[in-house]
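A.B. asks: Chain by chain, the residues run as shown.
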Amino acid sequence: MPTSPSLARNTRVGATMLVVAGALAISACAKKAPLQLPPEPGPATSTDTGTGSMGVATPGSQADFVAKMMGSDTIYFALDKYDVDAEDQQALAKQAQWLTQYPAKRATIEGHADERGTREYNLALGERRANSAKNYLISLGVEPARLNTISYGKERPIALGSDEQSWAQNRRAVTVTID
Amino acid sequence: MKITRILALGLMLSGAMVASGAALAQVVPATPPAPAEDGGLEVTVSDESEWQDLGIAITSFATDADVPTRTNAGTTGALGRALSQVVAGDLKNNGLFKPSGPDGLPQPAYAQVQAPDYGTWASRSADMLVQGYVRAGADGNLTVGCYLYDVALKQQLVKGGWQVPASDWRRAAHKCADMVYSRLSGESPFFDSKIAYIAETGPKDHRMKRLAIMDSDGANHRYLTSGQAMALTPRYSPDYSKILYLSYLNGQPSIYSYDLATDRQTLVARTGAPTLAPRWSPDGKWVLYSMAKSGTTDIYRISSAGGGTPQKLTNGPGINIGGSYSPDGSQIVFESDRSGSQQIYVMGADGSNQRRISFFGGRAATPEWSPRGDQIAFTHIAGNLRVAVMSPSGGGMRHLTDNWQDEAPTWSPNGRIVQFFRTAKTSGTASIWQVDLTGRNERKLPTPVGASDPAWGPVRP
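For the protein sequence lines, the chains are A and B, in the order given. When we follow numbering that gives the first Met the number 0, the leftmost residue of the first sequence carries the number 0, and every step to the right adds one. When we follow numbering that gives the first Met the number 0, the leftmost residue of the second sequence carries the number 0, and every step to the right adds one.
Everything labelled a hint here was simulated from the structure, so no lab data went into it. Mixed in with the good hints, there may be bad ones.
Stated by the list, open to error - Beyond 12 angstroms from chain A on every Cβ pair, some chain B residues (computed):
| # | residue |
| --- | --- |
| 1 | 123 |
| 2 | 218 |
| 3 | 252 |
| 4 | 268 |
| 5 | 292 |
| 6 | 303 |
| 7 | 350 |
| 8 | 407 |
Unchecked claim - Calculated cross-link-like contacts (lysine to aspartate or glutamate; reagent style EDC-like; alpha-carbon spacing at most 16 angstroms):
| # | chain 1 | residue 1 | chain 2 | residue 2 |
| --- | --- | --- | --- | --- |
| 9 | B | 424 | A | 163 |
| 10 | B | 203 | A | 162 |
| 11 | B | 424 | A | 162 |
| 12 | B | 284 | B | 238 |
| 13 | B | 193 | B | 167 |
| 14 | B | 97 | B | 52 |
We treat Cβ as the ideally placed atom computed from N, Cα and C, and that holds for glycine.
Make a model of the complete structure from these sequences and hints.
C.D. replies: What follows is the structure, given as structure tokens:
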């Protein structure tokens, strides 16, 4: 079981957390599959995952970060919210620990929104969410100069449905380290 | 005699061309439109209205000599037919009229263009008759004449003549449609205008978003960016020379100014922080942009000529974004969540006297001031996203659309029609639609691929 959802989360997210818990019980980490940086549209670019020949991530690589985070590279937000709650804090603490271990690494925090808002506002909202995550990492001792933010608003959903569960997964901030 | 008059018209056109150097000159003074009545389009599309029920016959434009042209339509004979089809399409596709022709109608001879056979048209129950001609000049330019006749009165109501480069032949047809529409409705013209938008292809999570432009009827479509960098939220400059838009070039979302004459683009403001939501002032002298920094977003104003220090118009809290000028440039309507949710505010053009105007429940976003000044179109979010209008004081709110997700309205140049984009549930497919102020004449625009973020420019001179 993941840590219990914070009471501050609204019911929609609470429901999602239960779904996540169920998915975890069924398959080890279906929900926590490594998130990939949404690629730019256009010609496909080869992504160096930093994975070695034996399938083991090179320590300090983005692949290593994703593997170690077990899903904690992403934090989720309630509808129209951008605050970092207790569960987000645990995930960010895990991220900060890794970033402390590899002090030369820089990271970009990508902020996202669900599709049920206007485009421009969601760009600003995604930026606000990424900024919340960044500020919390800074409060844990990560050098501000190592962290960038970028918002994709509602333009890069990870869950493709038009339903509450998908929207809850899309209201997120994803930390991506730069190899 | 008639030919002489047409030749005289042509000479006048040539003179005007030399004098002004303009690519397109309207030289025949159009009869001043009838005074607009209050309510305008609301009257025009109601069942009681008279003029939109008029039987308008649009005939194939005649030519003096069927010669090759440098157009994609073919010879002047074929071009004459194409011109009348564009005129008929404009008047029909916007739900304004139910014109007949050019198919199935008699084709007037060149000599009949200015001497219609009223008896024939009266027997066909036509109330109004549009005739025209096209002539190819030795320089490759085209001269197009357009005439509107009242069949019952046996009288010419208005005429217009334009000389255009072959590549701009459709503009002459739009000018003709504008002339007919204005004369019959009393409204300002809008067909001869262009739209910038975002062309969308690919699946929901890997969607390519490209800057694109087209004429108001969807013709002359052109992609401006390759799709390598995501493009969003374009805005045509009032003189159509540039487009401001948001690009993710180099992974740094910023507003660029795309110069249509040179195909070069420049950063509007070097801020070190993401800039978004570009807007022009009506006179083109100012640019508004919003900048996200440290968790807040505020609206800034900068000279469009470049240089100068950006002036911060809002000062938090929260997200302040967008901005649309009143037609006289004195006020700006914008969006802010300072109250806790997205709502619509008005301020002076210098940021003074900021006050909320939306108080009808739900959230309100993407306000756009009508070119007529009397309405503000916006996105109303209450469950679904719907396009709505209200007065500049926030009264009289009413929905124009009722669908799952309609957003980001943009006004026709005459303030009578609103375009917006509609997103389909689950697939996320986007398309551009338009609706008139009654909310009844709703129509999807023909675009080659998915389409969002329409930005309608002014009527071309």
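A.B. asks: Compare the structure with each hint and give your call.
C.D. replies: Evaluated hints:
The non-interface label for residue 123 of chain B is consistent with chain A: the shortest C-beta to C-beta separation is roughly 49 angstroms, beyond 12 angstroms. Against chain A, the non-interface label of residue 218 of chain B holds: every CB pair exceeds 12 angstroms, the least being about 26 angstroms. The beta carbon of residue 252 of chain B sits about 7 angstroms from the closest Cβ of chain A, which is not more than 12 angstroms, so the claim that it is off the interface is violated. Residue placement check: residue 268 of chain B keeps its beta carbon more than 12 angstroms from all beta carbons of chain A (closest about 16 angstroms).
Chain A draws residue 292 of chain B into its interface by the beta-carbon criterion, the shortest separation being 9 angstroms against a cut-off of 12 angstroms. At roughly 20 angstroms, the least C-beta separation between residue 303 of chain B and chain A is larger than 12 angstroms, which holds for a residue marked as non-interface. With a cut of 12 angstroms on Cβ distances, residue 350 of chain B stays outside the contact zone with chain A, its closest approach being about 18 angstroms. Some Cβ of chain A comes within 12 angstroms of the Cβ of residue 407 of chain B; the nearest lies about 7 angstroms off, and the non-interface call is violated.
With a C-alpha separation of about 12 angstroms, the suggested pairing of residue 424 of chain B with residue 163 of chain A holds against the 16 angstroms cut-off. The hinted pair formed by residue 203 of chain B and residue 162 of chain A meets the criterion: a straight-line CA distance of about 14 angstroms does not exceed 16 angstroms. With a CA separation close to 9 angstroms, the supplied pair residue 424 of chain B and residue 162 of chain A stays within the 16 angstroms bound. Distance check on the hinted pair: residue 284 of chain B and residue 238 of chain B sit about 11 angstroms apart at the alpha-carbon level, within 16 angstroms; holds.
Pair hint residue 193 of chain B plus residue 167 of chain B holds up; C-alpha atoms about 13 angstroms apart against a cutoff of 16 angstroms. Between residue 97 of chain B and residue 52 of chain B the alpha-carbon distance is near 7 angstroms, which keeps this suggested pair within the 16 angstroms criterion.
Consistency note: the structure conflicts with the earlier hints numbered 3, 5, 8.
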